[in-house]
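Enquirer: Each chain, written out:
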Amino acid sequence: MNENAVKYLILRSTPGFGNISVNRLIRLCGSVDICFDADERDILSRDVKMPETERIGQKKLRAFLAYRDSDSAVNDAKNLIEKATSVGCGIITIEDIAYPKRFRGICDMPTVLFVRGELRINEYERSVGIVGARRCSQEGKEEAIRRAELEVTAASAVVSGMAKGIDSYAHTAAIKNGGYTIAVLGSGPDICYPSEHEKLYGEIIRSGCIVSEYPPGTLPRNYTFPARNRLIAALSDEIVVIDAGAHSGTESTVRAAVKYGRRVESI
Amino acid sequence: MATVVKSMATVGVDGFMVEIEASTIRGQQQMMSIIGLPDQAIKEAGERIQAALVSCGYEMPKDKTIISLAPGDKKKRGSHFDLGMIIALLFQTDQISPKNLGEYAFVGELSLDGRIRPCNGVLSMVTEAAKCGVKAVVVPFANRKEAVTVPGVRICPVKSLPDTIKFLEGRLDLDNQDEDEDEAMRSELLGNQGGRGAKDEESKQLDFSDVKGQDELIEAIVLAAAGGHNVLMLGEPGCGKTMIAQRIPTILPRMTEKEALEVTKIHSIAGLLENGKGLVSYRPFRAPHHNASLNALIGGGSYAQPGEVSLAHNGVLFLDELAEFSKSTLDALRQPMEDKRVTISRVNGTNSYPANFMFVAAMNPCPCGYYPSKRCRCTDYEIIHYRSKISGPILERIDIQKSVAHVDYFELDDEAVSHTSEELRERVEKARRIQQERFKGEADVNCNAQMTTTMIQKYCKIDDESTGLLKKASEEYGYSARVIHKLLRLARTSADLDGAEGVRKEDIIRVLKCRDLDVSSSRMYTIK
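Sequence lines, in order, name chains A and B. No gaps in the numbering here: position 26 of the first sequence is 26 in the numbering used here, and each next residue is one more. In the numbering used here, each residue carries its 1-based index in the second sequence increased by 1000.
Honestly, the hints are just simulated from the structure, not real lab data. Watch out, some of these pointers could steer you wrong.
[What the hints assert, rightly or not] Label pairs and their computed distance ranges (CB to CB):
| no. | chain 1 | residue 1 | chain 2 | residue 2 | range |
| --- | --- | --- | --- | --- | --- |
| 1 | B | Ser1388 | A | Ser266 | 41 to 47 Å |
| 2 | A | Asp71 | B | Lys1327 | 47 to 53 Å |
| 3 | A | Lys78 | B | Ser1373 | 15 to 21 Å |
| 4 | B | Ser1293 | A | Ser195 | 22 to 28 Å |
[As the list claims (entries may be wrong)] Simulated pairs of lysine-lysine, DSSO-like, Cα-Cα distance not exceeding 27 Å:
| no. | chain 1 | residue 1 | chain 2 | residue 2 |
| --- | --- | --- | --- | --- |
| 5 | A | Lys176 | B | Lys1389 |
| 6 | B | Lys1389 | A | Lys199 |
| 7 | A | Lys49 | A | Lys59 |
[Unchecked claim] Facing chain B, according to a computed beta carbon distance under 10 Å, are these residues of chain A, among others:
| no. | residue |
| --- | --- |
| 8 | Arg41 |
| 9 | Asp42 |
| 10 | Cys136 |
| 11 | Ile175 |
| 12 | Lys176 |
| 13 | Glu196 |
| 14 | His197 |
| 15 | Gly202 |
Just so we're clear, the structure is a prediction, and the values are computed from it rather than from any experiment. A virtual CB, placed ideally from N, CA and C, is assigned to each residue, including glycine.
Just chain B, same shape as in the assembly (with noise of 0.2 Å):
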């Protein structure tokens, strides 16, 4: 008779039961032969498994031991099938006696002296375990707090393999255990130098307060955030863009539960969640660097990750020295734009990963960087080709392209108290509660950004005098058609933030000024 205990994979995002088989057969050469589509960490579980056998004080079985992880189909992949595989190993072989085994689905990663290591996209699979029905999911202690945010399942979180079996065997109760001391000890030292643990604190403390002189440009950006537009930062080296894109998801509003779910499933998976964290309550903020390539910012690699934009899904994706960028990696970011969705296919799987973020960019506005001032000597025509490497496409999906005022150090008023991120966040929900308003009954469409034509005109109607306003910009800088209905959207979130019922004359003064690029390019000099 063979054992069978529950365990769990990730496809994509989303978990798979797996059913690990353990069977023993008599008068065979010992081995230990493990089937099922492995990968070469499974494989290698065989030795972890023998080690953490010897050094618990069990015995390796003399016989010819088969462990098949079922489906068998389906490749799997990760070394968190260990302490599955161990239990179902001493349990063949009548080491332990467990009550309820087939109640429980196992997680972990055996070290070689019988403790649990952590593994990533527990979440992913406990909310899978929930919904196949498991009663209760045995995870690493260090993953405990990802795995308790899912309803309806239990979480029985474990440091060793003894425990486990204390546990199994109705001896342990799990929960009085105390916090790890070396991870207690960790942790402290991380959060004292501010170090990757204290990720979260540290964009707490990060606020719009500390943006100075770039008023404007503050105003530009809770318009971007209110109406989920993407912004384009235009200015010379220093002068801050970085430090604003950094702030972003401060004025973003408060994550829902759903929302905040979904980024931890995918941080999980990515391996980038801290152990002993629970759900990622801060909008995330992603920076690639322009050297980064078409598949880190997208996905892939032979197992399909998740890439930059879904690991920025419902945050920020900030895209600095957008000029820089290779133009096949930034046209690559047009579909993940229009779909909020990325489907990566590789030989080992499909996958598709959500990819909902607001695209922020940020560019020098010329080759030297400091046009306009006296100090560039770049020419008019070096300028326009350096415009030109980010491709129509891409620029079309910016609503917002915003110059950033030279910061004078000397000139800066310390007392001049600026708008601090809970201010800012303010306004954005509440011009956010009243797209959401606007849009109940539209399936796809959450803000105003994704309005489509016909809901432009019935929710942007301007009066004559703003007509002749957008008519006399649009004649002096050339736009099109599709040009002026962003800035209708722009102007319809203008309004929203001031809670106004109409868009008003002084919303499209305002979007006007939200245009810096279009402007400033049609002031080159040049043949076109």
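Next up, chain A with everything else stripped away, as it sits in the complex (with noise of 0.2 Å):
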């Protein structure tokens, strides 16, 4: 864990900040020491020379000055921090090596990732997301195990969401192969989200990866679905897509994939 983990930290939990919002900051001052060694004029002049469209805000910058200088910001990071170690996640930030090269560039990528496991992917030249149905059908079921072989044979990482159906055979058939296969979950790392997939989870941490953006503990709600397609997207160099339907919740994987420039595969 980089020892500026809790910089970060704070930086995620500040009221009103976003994954934008901080990766913004961040830019506007040039590292993140900066951000918490500048003084409010400082960091609010620099605002002000950005562009119209990149600018923070006053209010939201000033937001971030109070949390900075309070004392629950440092203790609340150092608790997470504890936290995350007692439950055996990883902390891993954008200062970090194994922090994916494929997020740098996107302005929306979390600068904090929660992991279980071992975050290998920057050593993959090659990562597939398979995502999909959830109701998959048993052409579909084949479909997935069978491209997930597939991947594994030619050396990339099987990304995928460890939601029921297509994605959970994808990772199945990954581990069953040999291969190296990452969740992306929508909730802590620490959660197992459907728990029959518990074995799966299981065997995900110890030859695989479990990612995800929020911290130990947060619990999966509807919102947390799709940000964690757009993690999917961003850290697969292609996607392939089996069994989905229109409106499920596989196309904002596809909406995600296509902004981001990767290739999509439709099954």
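Build the complex: two chains, separate frames, hints provided.
Expert: Spelled out as structure tokens, the structure:
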């Protein structure tokens, strides 16, 4: 864990700050250290100099400054680190080597990731996201398995979301064939959802990696899944969509993939 | 001088004798007290007795009356002491003059107008009375058929208090009593409606020839019935799981008199016996809803009443939607399935009931119910999760897991006559006879399902070719040694069904088809 982890954790829990604001603030200051060292006038004046579309806004910045200097900020961050360590979660920041290279250059990627298992995505030249329907057909299941096996043979990492159906088959096939697989969750990395994937979850931690932008203990919510889907898209060089219907959750993965310039293949 | 009249009580499935003592004390305020650890029903007997006395033209004693139920340290319950109490009271106050009162035991509840109402547990009480050397038992007329099944004791069925007194004084012959008019009418009515009164006739009508297109499953059921094996049926909704289960009692061997007595006793105590019916002649079929509590299934209540496992004694306990039963309820079944008996301990006593039943269960193959058809959209993980709701120890005790084939109504051939229950029962009885011969010297073992490991080695020798088959299956589906033993027991039954001396290759092939759940689960694409 990086010594700057506390700072990144403070940034991510600043009221009113999302991933985009955090990324803008770091760029504004040049580094995370300056965000914490610079005084109020300095930061506010830097923001004004930015082009209008890139600005964070005076009000939000003041909120950050207030939070930065409060006692609770550091305490909360330290408590979070303690909690993560106690449940076996690792914290990876944008400064770590393990931080996915594929995230760089995308403005809404999280600067802190919570992981269980080993995040080795950067070692893989190619990574493929296999996503699709939860209620899939028998053909869909076979296709997912076949595709995952193929990718493992081609030494690619298999990325998916550990949801029911296609996702679970992709992970299972990758593990059974000795491949590396990453599951991006819409909950904290310490929560296995859906619960029937308990054994799969354990096996992914052992031979692959569970990734989440949410801290341990976060329960899955309807809005966390589209956010999770965009991470799947960003982690993959190519997205394979199987059995997905229109207006399904997979659609958000595809939209994100197109936005990030990933190849999309639909079966 | 106090009067002593005999009566009976029940504890568990057994009876014990109670002596009713009545005494009057002069010069005290008029009142009646009943002692000897009575329950509420017995305490209220005082009011019934007073009303019955008045309506039959007798007098309530003007003194203090004490009625004691001895032994005084045993808790007693039920309303069947009424008759004994009123007789004791009348005799004590010199209002009647019976002959040989000491030879009789009395059982029966009084109605306010002096009629005698039926009560529960009569069979157990009469059996115990005979054991205690009582010469005659006076029982309610409605319970007479149940009571006369006990040898060595005279049964005196009575309809009312005046009749009883006339009989005791030698002024009435009980043998020439008419069938109760309203009772006859009621049973006729129930018969027409196919209600509970017609239960026996109904089970007669159930026949395996009604089941179409399930020949393979019926074959497995015959195998189970022949060797006393437990069965799990897997099938989509509406494919006939319940229909088949209901018919299993019709192919089990007929009950021996001893078995019938045991069943009747339990049903009598639970109050499930039809009035005016004698021994239960058909094997019971019990199908508790999956909502059933642990106590309902195993037995319980403040008086440790028999539960479904005991009511299914010598019959079939059918659990539909097995996966919906709560885990603790199912796990509680383990002990009775093993010991063939349950012991229930409560504040008011510890009772032990027999529970030797054939366990038949049914469940859907997956949460939606339609696996493996196209309609099913359950994921493999969901299916495994669903199936794991049934704990290992219960599955361990089920030898046969058979899927029920999907039945297409329009393809059912009405002409093709399937097997009747009568034919199937003959095969089962034949196989059971072979087993009885085999296990003659063994205590606790009656059928192949109960064979111990040593016996399996002795009776289930197989040739190399069959061993190869077993080994192949074991490797494919990951069978444990325990499952292999199960298969060997089943194979023995299969050979017995055909009357074969040793276990043959075709027996092994037949039993390997009886593990559908294992086969289907092993095909799931999941991390195990």
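Enquirer: For each hint, tell me whether it holds in the structure or not.
Expert: Evaluated hints:
1. In this structure, B:Ser1388 and A:Ser266 break the distance hint of 41 to 47 Å, their C-beta atoms being roughly 34 Å apart.
2. Between A:Asp71 and B:Lys1327 the beta carbons are some 48 Å apart, a value that agrees with the proposed interval 47 to 53 Å.
3. At roughly 55 Å, the beta carbons of A:Lys78 and B:Ser1373 sit outside the given window of 15 to 21 Å.
4. In this structure the supplied range 22 to 28 Å holds for B:Ser1293 paired with A:Ser195, their Cβ-Cβ distance being about 26 Å.
5. Taking the CA atoms of A:Lys176 and B:Lys1389, the gap is about 25 Å. The hint holds against a cut of 27 Å.
6. Note on B:Lys1389 and A:Lys199: the hinted pairing holds, with a Cα-Cα distance of about 15 Å set against a maximum of 27 Å.
7. In summary, the hint linking A:Lys49 to A:Lys59 is supported, as the alpha carbons are separated by about 16 Å, within the 27 Å threshold.
8. Against a cut-off of 10 Å between C-beta atoms, the interface hint on A:Arg41 is violated, since the closest Cβ of chain B lies about 57 Å away.
9. Given hint, A:Asp42 at the interface with chain B, is violated; its Cβ is 53 Å from that chain's nearest Cβ, farther than 10 Å.
10. Interface hint at A:Cys136: satisfied, since its Cβ lies 7 Å from the closest Cβ of chain B, which is below the 10 Å cut-off.
11. The interface hint given for A:Ile175 holds, since its Cβ lies 6 Å from the closest Cβ of chain B, which is under the 10 Å cut-off.
12. Among the interface hints, the one on A:Lys176 holds; its C-beta lies about 8 Å from the nearest C-beta in chain B, closer than the 10 Å criterion.
13. Hint on A:Glu196 holds. Least Cβ distance to chain B is approximately 4 Å, under the 10 Å limit.
14. Among the interface hints, the one on A:His197 holds; its C-beta lies about 6 Å from the nearest C-beta in chain B, closer than the 10 Å criterion.
15. Contact between A:Gly202 and chain B, as hinted, is supported at the beta carbon level, the nearest pair being about 8 Å apart and thus within 10 Å.
The structure fails to meet hints 1, 3, 8, 9 from the earlier list, while all remaining hints are met.
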